[in-house]
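Asker: Which chain is which? The protein sequence lines are A and B, in order.
Okay, so the first sequence: first residue is 1 according to our numbering, each after it adds one.
Okay, so the second sequence: first residue is 1001 according to our numbering, each after it adds one.
These are calculated hints, taken from the structure and not from any lab test.
Every residue, glycine too, gets a C-beta built ideally from N, C-alpha and C.
Keep in mind that the hints are not guaranteed to be accurate.
[What the hints assert, rightly or not] With beta-carbon atoms standing in for the labels, derived distance ranges: (1) P156(A) with K1013(B): 21 to 29 Å; (2) P156(A) with K1111(B): 37 to 45 Å; (3) N48(A) with P1291(B): 49 to 57 Å; (4) R101(A) with R1069(B): 54 to 62 Å; (5) G112(A) with K1200(B): 36 to 44 Å; (6) K1101(B) with L292(A): 41 to 49 Å; (7) D1068(B) with P156(A): 54 to 62 Å; (8) P156(A) with L1162(B): 33 to 41 Å; (9) E53(A) with L1162(B): 51 to 59 Å; (10) G1112(B) with L292(A): 33 to 41 Å; (11) K1200(B) with G130(A): 31 to 39 Å; (12) K1013(B) with A25(A): 29 to 37 Å; (13) L292(A) with E1082(B): 39 to 47 Å; (14) E53(A) with D1198(B): 49 to 57 Å.
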Amino acid sequence: MPHAYPFLSPEQKKELSDIAKKIVAPGKGILAADESTGSVAKRFQSINTENTEENRRLYRQLLFTADKEIDHCIGGVILFHETLYQKADSGKTFAQVIKDRGWVVGIKVDKGVVPLAGTNGETTTQGLDGLYERCAQYKKDGADFAKWRCVLKITPTTPSSLAIKENCNVLARYASICQMHGIVPIVEPEILPDGDHDLKRCQYVTEKVLAAMYKALSEHHVYLEGTLLKPNMVTAGHSCSHKYTSQEIAMATVTALRRTVPPAVPGITFLSGGQSEEEASINLNSMNQCPLHRPWAVSFSYGRALQASALKAWGGKKENAKACQAELIKRAHANSKASIGKYEGGGAGAAAGDSLFVENHAY
Amino acid sequence: MAHQFPTLSTEQKKELHEIALRIVSPGKGILAADESVGSMGKRLNQIGVENTEENRRQYRQVLFTADDRIDSCIGGVIFFHETLYQTSDDGTPFVKMIKDKAITVGIKVDKGVVPLAGTNGETTSQGLDGLSERCAQYKKDGADFAKWRCVLKISDSTPSNLAIKENANVLARYASICQQHGIVPIVEPEILPDGDHDLKCSQFVTEKVLTAVYKAMFEHHVYLEGTLLKPNMVTPGHCCLTKFSPEEVAMASVTALRRTVPPAVTGITFLSGGQSEEEASLNLNAINNCPLVKPWALTFSFGRALQASALKTWRGLKDNESAATEEFIKRAEVNSLASQGKYTGGEDGSGGAAQSNYISHHAY
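With the hints as extra help, turn the sequences into a complete structure.
Answerer: Here's what the structure looks like:
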């Protein structure tokens, strides 16, 4: 038992650790632009735009070529497989465009949720088959980090022990495989905000899930300094009648993290879930102003909460390019400030206040 | 699954957290004076003193009569059951003497190690029976924290999964019970330094053990902010041929802790194991100077590494009492500096400081 069979050399560990630190350098966070084709369909539907490969390319291009004033706001971008191989009008691959801005390229590697038999509608996530080979290829093609999303939900009977254990195990397997190829795994055990549970309940469940998460990572010999965590913030369920302040959310979230996330983890990059752009920024800001000590970077990995206004402003029309990018820039600045506790609020855009909650969001 | 049944009220949590914070306030650590009757026998034997209740009382008196120089160095004292009810020569209860110095009183509550059948000489610790009632009584009698020691060892076949799981579980049960009575549990999963394994091996095992400890604490709903951890430093085995510097020991220890101990844990109070007084202080100092981010207090809970010189100086003779007390105060001050990374080391040339306190297969 007590023998370690080292599988990462000191150089490999350093590489992973350096990549992780680069992504969550002070003031930086992640642009999650890894919506699957199916997810993009929903987004484009809301702006009456056809879900073609070209439209997806055009839209992502707008995001990745936004003015260099946001270079210091973004540490990494998560791409969907298709996007990793698309090119900008200039002929450069998106991977190269992103790298040239000093941002780290990431790749979503999971293959979506599948049901867990015998549970109350719970799921695990697939994608481990051939992951070893895929990671080797992604690394060659420019990716230095990866993302894998698991989903849990709160009801009187869930998350069940099985769901917690199974999802944590699959996340740990994924993380272990990534690290062998110099790819930093972002581990995302999302607990959905669906439901009418209160803040305390969410905190309790989040703590249970994260404790199991780090136990699994330890058992799979994952090098924590070369990982990032992408959790939900601790919030009340979306149907909960009580409204909580961002300070309460921050306190509950930071407390849960302090009880479960070892200091060796370099950064925590929150998902925005169904929060509006402004909500997500204000809550992140409150976390970074929370009086409790946080030994990890506390930043963002936002999809909808960075893109909602930009998407609306674009509306699928070429002539709206600048307006679209302006919205992204606004949210990028806001979240960059929030990640160091210096956001003063009110950076509202077209969709900033609209709740982005989609019922039982599955991606 | 997802229902929470609150274990502690907000007031109870606040009390526990504040006790823990007090014990590990900056510059302070713990005097582990909780040697069982059997362990005291070994100590007194070494200085040619008979192991009687009176001698044990006199010896602890030497420590507890230290002047107010230790008030800023010692945050807590761990007592053995017998000592909790003893008094000084003038009839003042030891508990009162310690409390009057604004030092928190702790009590060792485990009842020693017992074998785990089917393992390679591994053990668990007993003491859970009636622990709830004992805690209630100890709280009334002045104790605000407790200590429970489990023991693991490194060899080709150990620690086994069973040993890790069982010891982690019993520590979590103990912690859970203590907290119900306003007593801060110090959790001590000691990995012995016996063996010829190197620093890396010790680090690996320490990480495995601590991960299991915190998983168990979680499952038992222990309020982490109201606990302290008393681990071994990560050091090579005592028979390892390679020597490692305090900086290497510090880096290995802090790395292991960063990978396993949640920031919510208020403080980490290292045991000294078989290290000499000076070694223990130098290592603690290096740990506090380690450049990695350390979100918990990192201080001492030393037995032998605080008392060795004092014991040697005392030799059971009344005339040596103040000189012996002085030795203790010296080590207390040194470790207070070390716990802040301010110890410049080596000035202390006293008799016991550099000698190893290692006893083979130390079982307490």
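Asker: Now tell me, hint by hint, if it's right for this structure.
Answerer: The hints, checked one at a time:
no.	hint	result
1	P156(A) with K1013(B): 21 to 29 Å	holds (26 Å)
2	P156(A) with K1111(B): 37 to 45 Å	holds (41 Å)
3	N48(A) with P1291(B): 49 to 57 Å	holds (55 Å)
4	R101(A) with R1069(B): 54 to 62 Å	holds (59 Å)
5	G112(A) with K1200(B): 36 to 44 Å	holds (40 Å)
6	K1101(B) with L292(A): 41 to 49 Å	violated (30 Å)
7	D1068(B) with P156(A): 54 to 62 Å	holds (57 Å)
8	P156(A) with L1162(B): 33 to 41 Å	holds (35 Å)
9	E53(A) with L1162(B): 51 to 59 Å	holds (56 Å)
10	G1112(B) with L292(A): 33 to 41 Å	holds (38 Å)
11	K1200(B) with G130(A): 31 to 39 Å	holds (33 Å)
12	K1013(B) with A25(A): 29 to 37 Å	holds (35 Å)
13	L292(A) with E1082(B): 39 to 47 Å	holds (40 Å)
14	E53(A) with D1198(B): 49 to 57 Å	holds (55 Å)
Consistency note: the structure conflicts with earlier hint 6 alone.
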